[in-house]
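Just need the whole structure built from these sequences, with the hints factored in.
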Amino acid sequence: MDLALNEEQEIIKKSAQNFLKKECPSSLVRELEEDEEGYSPDLWRKMAELGWMGLILPLDYGGSGGSFLDLAVLIEEMGKSCAPSWFFSTIVLGAQTIMSIGTEEQKDRMLSAISTGDSIGTLAFIEPKSGYEIANIQMTSKSNGSGSYLDGIKLFVPDAHIADWIICVVRGKKERDIDPDLELLLIDKKAPGISITPLKTISGDKLFEVKFDKVKLSPDDLLGNKEQSARNFETILQNAALAKCAEMVGGAQMVLDMSVDYAKQRVQFNSPIGSFQAIQHHLANMLIDLDCSRYLTYYAAWMLTEGIPCEKEVAMAKAFTSDAYINITTLGQQIHGGTGLIKEHDMQIYFRRAKSAALSLGNATYQRKMVAAHMGL
Amino acid sequence: MDLALNEEQEIIKKSAQNFLKKECPSSLVRELEEDEEGYSPDLWRKMAELGWMGLILPLDYGGSGGSFLDLAVLIEEMGKSCAPSWFFSTIVLGAQTIMSIGTEEQKDRMLSAISTGDSIGTLAFIEPKSGYEIANIQMTSKSNGSGSYLDGIKLFVPDAHIADWIICVVRGKKERDIDPDLELLLIDKKAPGISITPLKTISGDKLFEVKFDKVKLSPDDLLGNKEQSARNFETILQNAALAKCAEMVGGAQMVLDMSVDYAKQRVQFNSPIGSFQAIQHHLANMLIDLDCSRYLTYYAAWMLTEGIPCEKEVAMAKAFTSDAYINITTLGQQIHGGTGLIKEHDMQIYFRRAKSAALSLGNATYQRKMVAAHMGL
Amino acid sequence: MDFRFSKEEESFKQEVRDFLKVEVTQEMVDEVERGTEIGIGPHCWELMKKMGKRRWLAPAFPKEYGGLGATRWQQFIIADEMTYHRSFPLHLCGVGIVGPTLLQYGTEAQKKEYLTRIAGGEIEFALGYTEPEAGSDLANVQVKAEKKGDSYIINGQKVFNTGCHFSQYVWLAARTDPNVSKHKGISLLIVDMKTPGITVRPLWVMDDDRTNEVFYDDVKVPIENLIGEENKGFYYILTALAHERSFPVGDMRRTFEEFVEYIKEEGLGKDPLVQQSVAQLAIELQAASLLAYRVTWLTDKNISPNWEAPMVKVFLTEFMRRFSNTAIEIMGHYGLLKKGSKWVPLEGRIERLYRHAARRNISAGTSEVQRNTIARVGLKLPRG
Amino acid sequence: MDFRFSKEEESFKQEVRDFLKVEVTQEMVDEVERGTEIGIGPHCWELMKKMGKRRWLAPAFPKEYGGLGATRWQQFIIADEMTYHRSFPLHLCGVGIVGPTLLQYGTEAQKKEYLTRIAGGEIEFALGYTEPEAGSDLANVQVKAEKKGDSYIINGQKVFNTGCHFSQYVWLAARTDPNVSKHKGISLLIVDMKTPGITVRPLWVMDDDRTNEVFYDDVKVPIENLIGEENKGFYYILTALAHERSFPVGDMRRTFEEFVEYIKEEGLGKDPLVQQSVAQLAIELQAASLLAYRVTWLTDKNISPNWEAPMVKVFLTEFMRRFSNTAIEIMGHYGLLKKGSKWVPLEGRIERLYRHAARRNISAGTSEVQRNTIARVGLKLPRG
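Chains as they are written, first to last, in our numbering: chain A, 1 to 377; chain B, 378 to 754; chain C, 755 to 1138; chain D, 1139 to 1522.
Worth flagging that the hints you see were computed from the coordinates, not collected in a lab.
Note that the coordinates shown come from a computational prediction; the quantities given were computed from them, not determined experimentally.
Here a beta-carbon is modelled for each residue, glycine too, at the ideal position from N, C-alpha and C.
In silico DSSO-like pairs for lysine-lysine, Cα to Cα no more than 27 Å straight-line:
no. : chain 1 : residue 1 : chain 2 : residue 2
1   : A       : K343      : C       : K1096
2   : C       : K1134     : B       : K391
3   : B       : K746      : A       : K369
4   : C       : K1134     : B       : K398
5   : A       : K129      : C       : K1093
Anything over 10 Å on all C-beta distances counts as not near chain D; from chain C, calculated:
no. : residue
6   : E887
7   : Q911
8   : I952
9   : R955
10  : N966
11  : E967
See below:
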């Protein structure tokens, strides 16, 4: 057994750390959050130049064929510095889906442009009445005299404003004996009939309502062949949930580091507050929560990398880490006292984002249901 | 508003305290627990002489017509000293049921003897497959040529070994449009066909399997008239759950008192451990849990006394107090360290009994379901 | 034991409710819900004046100073109803802290000058206690007040002095004697916010509220603005804290009711997991109410709730945290939406509560400090 | 990163498993599950000897002393499989503490006298640290060892010295110098339990285990039984603690598996509330395993897991508490039944665990002490 990162992963980690420290300071995070657009083409281009977009893309498409563990290491660092979500939308939600179920033609068409940073995309999935249950997806393509079209609303679509394309998950037409019967459509964001409305969230994430108003579909829009798309989509979402765990572990690590520093420096009643047992126990609890989250996440990421079935382990990681990140940021906030509540301070950024991340891609309750199902309950 | 006990209640409290301190020291509690029989006729007689059996019985039957609040005050004191469960079985489960649904004839026959301490009884309700759900009761009286009889097993029946009579809850014969359709039978424990087997439990409570083997029934055995029995039984159980809350509040108070004393006396690292913040915060959390339990319990007991419908409030009290008592005894044990683990110490008696009390008469999960139902969820 | 309000109290409650039904408008609620972003806005000043007329603003003040000489239960009823109707932005420092302290220690002139105006809803005070190095350790005040002639000259920096951008006065703790132990050299002063030399810099809080850094640069305060005796300020502060201990749960009750309605409408209440969580919250809210009753009951009997009030503080603010955390999980992604966003449920109140609760567990004494007090005062445990 | 055992380790694991399948009988498990009530009973002594023959009892000892010179992973595998098969009653003090300390600080004569017998399953040591006034504050040892001629004379009282009723020797911490600071005057001695003047009085624990009070009345111990240098005992104790840090989770894994089977059989697993609780426990158990792997991984790399091991200790023992608490709620009244009772499920293991877990959160360092260590060592926070 070996619980350490390998050499390449250490390099990814180090270089991401250095890059983000310089190019993505918290001042930029704050600025992007407050800006409605919230997009820095410059930062995006630099990330692409470092090869981040291509990290897990196959060599054939200009990628470097990295593993899921490599990706997790990079995303953990992004989580540490609250890097913007474009990478997650385009790569974790978008490119992974295309890699997993796209046809050769679609991969050819999409992946090279993604790996150079020239193409940005996202995934649209949740509907007004669906919650996070795939089975509740109602939107479906319709036909009239002049062909197929799409009508309806998708919610909480990340980064739709800068996306060039949107993978839209719709219900199939019950032609097949698959439950749930899903189709994934790869739609050009410029297609007539698409309109987006920004949603304001606790985390400052750029989430959107995407409205499809008689958006014409061509047969090419169907991502992959039908059999694959339905079977793989749940796995794609769970992989994304695991990537979210890595992001949360990074954020939690940063919160713990900040809190320890603060507890050592802040003096009240003539002692650093870090010498008070209540604060020490808060910090010990944070470290326990963090380490459990980290190893549950690494373990599942390693299994995924090795091709070992790990649906249960991914669900375990996401359930635990979601709760842990809430606990860690809550205690971090408590330790920082008034100082950490002020918008000028970084602590509150993590506090708000934790709630959003914990809920994203299946909250703890949802994931525990998954675990129970995999246990045969 | 007035949150204090009234004068009579203060007297009940004080006299119970004095009596139990003298007559029911923890040495006796321990002795009765370890003894298979676990019964002290002497203690029972003295309790009767003090008028405890008759406290809530009507004046007509030699009782003193006290309120549920009066009863709660007495039971809280009994909880403090871990007094044996006979009182609870005979009065809270037995006499209350008879008072609530018995016919005049049955009241005449039973209550006076109960109030003088000359009659001991219990209630049999749970079955092997029923859990704590009334709706799952399967046992029912059957008929053959020579009349009705009862066959089957009841479990977790308290104090069946010393009971003169058992109120046995069975399913009715669907003659009526009531759900669940229940009949309560008042059965002489000496009736041929009844056999009992002791069960060993965490708390040392005297619980039994009671087996009914073709036990003959006469029409007189039916407690009350049928309409009443079904309607009132759920309420009777919930009232008993509230009495259990009072018992838990008493126990929790004692655990807190013991823990505070110990924390002040026990010196480690040259300081009383009660000066360490971790211990202080444990104790503060215990006090918060205790006070919430106490006022939720008093509030519901007051409503019951005033005749204000309080099904929801009783369920609230039992749900909260059950969890709180577990938390309080867990922390109490932790504060006492190794000392409190030893059988010679009283701490561990409360720890074991808390788990049993929390589960009795509807655990926290069950009661929260009740609360939700009363909220219209 | 009796958990009922008396007939008189019930009818007083109805009177307050009827008043609020008429007076509380949507605009006022909007203003209130922006919290200390604006503090007391125009609609609130108007309501305060109307309440002042009815002597409900500072009901505990004696009648001669615009109060009602009200009982603790009447005060509780007003506060509870006001918060339930979302008609109050914050705790009023003039009513809750300045008034009682002046009544006990103020000069006749001070009482005349301030009390009636406070009770009439004309003026408000900001609390001027906290400093960068004096948070939980309140006695560590560094801001100096040097006596020169008939003035004190104030210099130094305060932080998290929330009311300073909308109050007419600040109730300032300043060090008047640097040569004694730190609890013994602090004095309380009333400072007019218009005095030259005061700079107020906004600090924006995570929950979109505003607080302030306040810089004092040779600020001249007349010596008649000293409260009570010089160097006894810390003692007065502690005494005032004992006055400031009513914890109405009206606002949480209201928000919880609305949340329960929401989950019923959305059909979420059938889920057994939701039922468990929501029932647990209902129980805790009930417990918080009962603990709050106890505090009022004790103060009504002239018993100082020295540890019972901290218990309400910590239990209620931690309830806020659990409530908002659980409610957002139940509402799913919608729960993350902020007020003003398309698709936002319940006007974003619960989303905001999640951010606000973090603050409430810190301000006015952290949960850790409250637990210390419960342990040391309530259980008489020794100091470390 | 690689979470797999190597091929060699896998086959070693299989070997251990095959051995246990043959050797572990129901009688042995019954004996083991009576815990320290009997300690090492006849079946256990037999198994220990058989393991000793295979050099698996003290696998870390060098080959010359009956060990295997095994890797940390091999040691982990043995411990994990043994506990999974319920074939071990307790942590062996001879193997875990005495052996490593003697190897590092013992004289040649001591090594020869004890190590091979320990590794062969012939003798066991009881830990003799705790005293009435020395619990968490271990350095506060009062039992005296006075040097007289070629002996130490021991006087005083120990408590919670669990192994003393079934071990041949006690590994005693005693004060040899009362005139220096308390950490600096303690020595470690090997005391033969047969020495005159030792009185062992049983203390029965809530979980039906046994521990002891031990009274030393002019007990004469040869000076050659001193470990290392006089007055360095506290230092050796701390070093030995660092050896004693393998946390197999095999027993919890086994009991949890059986519990999950039970709820499936009883049809309880369809309840969404049960699903949530049981899934959460499964996740925590997984986390505990991973934290335990980390400790082994670190020690395998010769890194002392100074705070990582305390983390496993506190997480695992608190898991025991949550597991037994939740499982009993799920099992309902049946969960309250004790082993031997009619109707008892799972042989009462979970009921006993509820009582046992309380102890496990206290013995070998309370959860509070573990958190102190995590904070002070792991996060380098200052002492209070």
